[in-house]
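Novice: Residues per chain, in single letters:
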Amino acid sequence: MMSINRNRRPVRSHTRRKSKPMLLYAAIGIILIFVAASLVAILNKNLSPKRVSPEAADSGQSLSTSEGVSQETSSESSAPTDESSQDETNTEPSSTETLKPAAPTDNSYFSDACFIGDSRTEGLMLYSGLDSTFYATKGLSISTVFTNAFVDQSMTVLQALETRKFSKIYLMFGINEIGWPYPEVFIQKYEELINQIKARQPDAAICVQSILPVTSSRSDRGDAFNNKNIIDHNKMLKDMAQRLSVQYLDLTPAVSDEAGALPEEASSDGIHLSVTYYQKWVEYLKTHPLT
Amino acid sequence: MKKFFLSLSAFSLCALVLLTGCSEKETGTKDISVSDLAKELSEQITFEDSMSIIEQDVVSYLYQFEDGVVADQAVYESTGATAEEIAVFKADSSKQVETITKAVDARIASQKQAFENYVPKELTKLEDPVIEVNGNYVVLCVSNDNTKAKEIIDSYFQS
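Chains as they are written, first to last, in the numbering used here: chain A, -1 to 289; chain B, -6 to 152.
Don't take each hint at face value.
Unchecked claim - Lysine to any residue pairs mimicking SDA-like chemistry, simulated, CA-CA at most 20 Å apart:
id	chain 1	residue 1	chain 2	residue 2
1	B	LYS105	A	LYS278
2	A	LYS278	B	LYS95
3	B	LYS105	A	ASP221
4	B	LYS105	A	MET234
5	B	LYS95	A	THR274
6	A	LYS278	A	ASP150
7	A	LYS278	B	LYS114
8	B	LYS114	A	SER266
9	A	LYS278	B	SER43
10	B	LYS105	A	SER152
11	B	LYS32	A	ASP221
12	B	LYS114	A	ILE269
13	B	LYS32	A	SER139
14	B	LYS114	A	PRO99
15	B	LYS105	A	PHE223
16	B	LYS114	A	ASP221
Please keep in mind that the hints were generated in silico from the structure rather than gathered at the bench.
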């Protein structure tokens, strides 16, 4: 169409006054239609519900590579907020004392944190609202963590830790190992994991979290999943943390009743937490920043 | 001249309206609220575990969605004790429906792998999940009551 008009231009030069404006207006009209169509496309896209939060959008790559919930690197997120608390426990990143309460941090504190663990840590990923990285899956144990390539369906946790740096690394293992006949093997493998993490993340503060309690009814069933066994394992974990100069956080006060058990209403199976209790766990972490 | 521009503006407006209309009628399927359907499934089916809605970025992680695939979504997860799950997705366009169904299949496969040596009894639910596709909508429900789930889903799409 355009070429035809161009070719005819000399011939129709005598009618220029009439034809040229018409051609010009037609061209403007076509441009306007394209502009309108573009506007419609833009409006449709902007008005449709958002698929991801801005934080997730910023870290879309990480989301698509199984690195957990979104990861937003914030330069001001790594400092614990309470100076006095730091003075109490912080001489070296290797402080081994049980973490003490401090002024609450906010979610940004955890943006450069990595949580490693089993189904309970996976639950934390689902319901915490934290923009952290989670290397967690159901049934992960201190043994299979070395071999299970579940991160991005191709990497083990240790391989994944070689791909990026974290300021804080929170560990929780134990509920799947509580029935092992030799608890010292559990500790031995835990130590091996921590040493391997230290080699890959020398600047990260590492925190061993205690094994969360189970409900009284679950504890009373007569198998290995009982709170006495969990307390015994937690003592060993605390000693291990001291030996390895990493931090230890006892989470029992965050989620337990007066008897030290997980309240019955906090869990459908006596082991995994309800949303409310996953959030209590997060709130406790916020008031116990690493040193 | 003014008349011409008035005509041109009117024409552009018509084009705008027509184009908008085209995009709305792309699917030819009844528009539903994904959050309403997911909520009703969570409330009307008897789940063994307590079900809670999860945030959108977590959904994207679980289902490995990239931008431009899902227009709207509502997903409920269990506490981790069971494989029970509700997921209602509206595709961004009809072309993305297949991407979503593949993601749902992959999620089921991943859950089977996770529960196989963890809580094997959950495999019963995962072997026969309800997966319904209606126009641009894809619905997944993993529960012990597939009949009820289908009934609720159908009630949303039947006019």
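Novice: Go through the numbered hints given earlier and state which of them the structure violates, listing their numbers in rising order.
Specialist: 1, 2, 3, 4, 5, 6, 7, 11, 13, 14 and 15
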